[in-house]
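Q: Position 11 (the sequence shown) corresponds to 11 in my numbering; numbering is contiguous.
Some hints could be false.
[Claimed, not checked] Calculated pairs, SDA-like style, for lysine to any residue (alpha carbon to alpha carbon, straight line, at most 25 angstroms): (1) LYS202 - SER228; (2) LYS93 - ARG113; (3) LYS307 - LEU273; (4) LYS202 - GLY138; (5) LYS307 - LYS93; (6) LYS202 - LEU173; (7) LYS202 - GLY236; (8) LYS307 - VAL178; (9) LYS93 - LEU125; (10) LYS93 - GLN157; (11) LYS93 - LEU58; (12) LYS252 - TYR274.
None of these hints come from the bench; they were simulated from the model.
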Amino acid sequence: MDTLQNMRVFARVVESGSFTGAAQYLNTTTAYASRAVSDLEAHLHTRLLNRTTRRIALTEAGERYLQRCQQILSYVEEAEAEASDAHARPSGKLRLHVMASFGTRYIVPAVARYQQRYSDVAVELTLAQRIPDLLDEGFDVSVVLGYDLPDSGLISQRLGSVFSIACASPSYLERRGVPRTPADLVNHDCLRIVTPAAAFDKWNFDGPNGVETFTVSAPKFQVNGADSMAVAVREGIGVAVLPTYSAMRWLKSGELVWILPGYTTMPLNIYALYPSRQYLDAKIRTWVDFLLEELPATLASEQAALKAFART
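Let's have the full structure, built from the sequences with the hints guiding it.
A: Encoded structure:
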């Protein structure tokens, strides 16, 4: 028995004053309306309506039950309206996960601009160097970096790509000399960023001779964040490949030097991951669309700035 539907029929019968009126309003038959009320009475073991051939009247139990039905049906209508509104209008809490340094540089500013457009959305942002389980951890969208994505069953939207460059401090290069090719790095202290985005013991350089791979073994220092690695390199500990978003500021200030300027690492793809396309919540849909609108232009601007810097 569909109790909720039978409640609707019962309430409409009372409001209409007849089974026929209720049936016409609900676009069904009088027999169906009568059976729905009879099923409720059988389920409750209580008579709700006294019936004659000319009229109906609520019993005392029916009056109490009608009040409860009206409350319940009102709550259901509110819940349905809220759920439908979530699909149509961005509102509520948007739970995001982003890899740490990338999130600080790109996503936090994007959130600020997104909320200027969609002021009814509250954002809860987690920065962590891992790929989370969206369903278990309750994230709406995760932004991750990688050459390829594992088969997770999630929906993925590619947002662009980033690459890294080899950097060292002026003081380190004065002590140890300047490497000219990736093969020269064997004579240097190479530092390692530990990240789920890529194999952190392999530096895959794309340069004049195609792709050249350098293996980082027994690093003098390793850390799981690009911004922290930028500090270590500026302090002269050694050489590291840094994402352009972590390196550019220090290149301009002269605290870092781009070594191997003819080489960049193979680009890492940026993906937005979310559970489903079907009945997508408006705040998720608008956030992913916003990233597609904003991020490629920002990345292109930074790549142009790096090329301009290389020519100076």
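Q: Taking the hints in turn, state whether each one holds.
A: Evaluation of the provided hints:
Between the alpha carbons of LYS202 and SER228 the distance comes to roughly 19 angstroms, so the proposed pair stays at or under 25 angstroms and holds. Only pairs whose Cα atoms come within 25 angstroms are accepted, and LYS93 paired with ARG113 is accepted, the gap being roughly 16 angstroms. Of the supplied pair hints, the one linking LYS307 and LEU273 is violated, its CA atoms being roughly 30 angstroms apart against a limit of 25 angstroms. As the CA atoms of LYS202 and GLY138 are separated by approximately 33 angstroms, the hinted pair breaks the 25 angstroms bound.
For the hint linking LYS307 to LYS93, the alpha-carbon distance of about 39 angstroms lies beyond 25 angstroms, and the restraint is violated. Only pairs whose Cα atoms come within 25 angstroms are accepted, and LYS202 paired with LEU173 is accepted, the gap being roughly 22 angstroms. Of the pairs offered as hints, the one joining LYS202 and GLY236 holds, with about 21 angstroms between alpha carbons and a cut-off of 25 angstroms not exceeded. Of the pairs offered as hints, the one joining LYS307 and VAL178 holds, with about 21 angstroms between alpha carbons and a cut-off of 25 angstroms not exceeded.
The hinted pair formed by LYS93 and LEU125 meets the criterion: a straight-line CA distance of about 10 angstroms does not exceed 25 angstroms. For the proposed pair LYS93 and GLN157, the alpha carbon gap of about 21 angstroms is at most 25 angstroms, so the pair holds. Using a Cα cut-off of 25 angstroms, the hinted pair LYS93 and LEU58 is violated, with the two alpha carbons roughly 45 angstroms apart. Of the pairs offered as hints, the one joining LYS252 and TYR274 is violated, with about 37 angstroms between alpha carbons and a cut-off of 25 angstroms exceeded.
Hint violations for this structure: numbers 3, 4, 5, 11, 12, all remaining hints satisfied.
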